[in-house]
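What follows is each chain in one-letter form.
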Amino acid sequence: MVSRADREILRAEIRSRGGKLNAADRENLLKPYLPDPAELASSSSSSSPPRRSRASTSSSQRRQKPRKKPVRTFLKSQLHHLTYAITHIVFGIVVRLLQAYHAIVDRVFAIVYHHHRTPELIRKDVRGLKRLPQHLSVILTLQKEDDALSVLMDEVAELAAWSTCAGIAQLSVYEKSGVLKSCIPALHEIISTKLASYFGTPSQQPSLQLFAPHHPVHGNAPDPKSESPSLTLLLLSSTDGRETIVDLTKTLAEMSQHGKLAPEDITPELVDAEISEITTLPLQAGSDGRASNTLKPEPDLLLVFGPFLKLDGYPPWQIRLTEMYCTGDRSHGMTGYGEAVEYQGFMRGLWHYAGAQMRFGR
Amino acid sequence: MASSMHLSRLRKWILASPPIEYAITHLKELLVGALRQGPIPQHVAFVMDGNRRFARTHGIETVEGHNLGFEALARILEVCYKSGVKVVTIYAFSIENFKRSKFEVDALMDMAKVKLSQMAQHGDLLDRYGAKVRVLGRLDLLKPDVLAAVNKAVDLTSRNGDRVLNICFPYTSRDEITTAIRDTVEDYSEPLRPAPSPNGPARTPFSESHIVHNIRAQTLGSSKIQDTHSDSESTSAESSAQDDDSFLQNDPASRVYESGSSFSSSTTLHLGQQDGHPHKGVAQTNTSDGDSPVYISPETISRQTLSDHMLTKGTPPLDMLVRTSGVERLSDFMLWQCHENTEIVFLDVLWPEFDLWHFLPVLLGWQRRISKSRQNPDAEGNFAGDSPDTSEEDVEKVVLRQSKVKSV
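So the protein lines, in turn, are chains A and B.
Numbering-wise (the working numbering), the first sequence opens with residue 72 and increments by one.
Numbering-wise (the working numbering), the second sequence opens with residue 899 and increments by one.
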């Protein structure tokens, strides 16, 4: 809101590295843009100390002005209320129109891009992409309905199948409550069934390894000689987030209290090693050639199936460089859109990651 | 090509003409005032990304791009504070950025120094209007002259009002988390009471050791009447407490964790202590005259403890994180703070171009969502708790208080 002339003066001043103007000049330049101190004191909460309004004597007459004009203040606040209402009406309309537009586009995508449970089609959809995430992570939400768990497990199974077909060997699924961790065997069963429906005969079926932090690995390790794809699936919940870091701190504090560790020894590398340990595949007894299959601790792409991008307790340490994509992100975080786990949303995320635009028609 | 350049010049000229400029200024003020009528995020973080790319695409020097970025920052800070945001956190410089060209790093440091020292010149102005400036990060990586400017500005504004500007200067989030862990560990490694001189001012009028002696005498007396089993137990407890002093000094590990088991048998002694500190999280370690330090139990470390050791302690939770320039990563910024309920927004605009017009839809969307979740608290934090259609209608009603919207 600075006028152009003043901006030019300021820029020239910056170029000369603060040599041209002294403090008083700058204050004069700024004066027209500063809010009225009295206004500031009244608009900010009552906690603001009175010291501030008394601090200056030079602007005392300016400070008195608005107090004498309650009508003007009243009208101003009414005007603001009105503007608030109007902007939100207009914004609401625009958002609805955008939502409608995106809903139609998404339906078209859903028709054009459908997997038909055929790995070849999915492979074809990702063939043109410049890069694929090595480790894909997904945030899912448990719905409130009675069959929410079965819906969720089916979503995980679908995602597992799509990832395997697309050639992503590492998938982690975050669900806040951690309900998935309590039924790993059942989930393994469901995913295997789903994979069978995609891949057909058992000989072509990918090997599946399912595990969660502090839980044993379920499923058998891939045969390094076989050609079939493999999938490592990690289940995460909110306890793997801040809570893990708290647990680590507890352990470190204990060690420090016992004199086993100096606080100076705590480095980002140490924390990283410890945190990563949890999400990597626990080594089974007698494993030798499986080192290549360990999970990459930091996901490359995080897909959020929700109306807006919220991490919702996702483990913080690992997402430093993770790209994020929200399937409902295109309408400024409006609700009621983009929640369903759909193939077209999954594909959109992958295309976005590769820096490509999705087009109508394969 | 030439015509588009002329057009843009014409547009600039029109925008800069006094009446238009006046109108735009007032329109902005009106919008900001309107924004204040609704819920406003208390804490907003910005990743100021795109200065260099802006400079490259506009054919100006990188340093100049950073200067324009600073102008954009001033613009957006004005919008934020006027609309009621309490805390703004900006990512000014990453620890990783030290790897950039020396020329650019020096220029950025120079800019920071100039800005901060200029700020210090406006002492009373800042007092009247100013926000608190805090610099978060590894200050030890800064050069001494920059550090001096930082300290001066922070000191000068430390008494200011309730608005806060957090500048993350040489900062990465992993470093912050690590530092928080380290500080917590250090805090918990401090003995509660300095062991060798237990007669500090905080002492009660009763001597603890005296009480312990009395209790012990009682236990011994009573146990002599009772069977030999408890006798041996209590004496063993006593002896371990006395004999193991040197051993405990060397290995506090066993002290904390064996004390529980060894004293659980000598019940009188243990209960007597627990009465003194019922569940204060104090690991009762030793009964003999304070030759060994007492620690706070690590089990009392919670998420809040760590949050209080983060650099952003004392600020409201992060409501919104905005990153410009279309890069959709956090790049090691506010990992701890933003992973719960923060709305993360990636905008496809370069930071020097960032203005109210880009920020407004984000804020409006946030207001809409918050109004909805306040009106329907069950759905808060839930992406798809209820059927979207009905809830949408409700939002419209509450936010807009208009029925005509239904026709949309």
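Certain hints may be false.
Stated by the list, open to error - Cross-link-like lysine-lysine pairs, in silico, DSSO-like; alpha carbons within 27 Å at most: (1) B/Lys1013 - B/Lys1211; (2) B/Lys1211 - B/Lys1050; (3) A/Lys367 - B/Lys926; (4) A/Lys321 - B/Lys1211; (5) B/Lys926 - A/Lys140; (6) B/Lys1050 - A/Lys147; (7) A/Lys247 - B/Lys1013.
Derived from the structure by calculation, the hints contain no laboratory data.
Treat the numbers as computed from the prediction; the structure is a model and nothing was measured.
Checking against the hints above, which ones are violated? The structure breaks hints 3, 6, 7; every other hint is satisfied.
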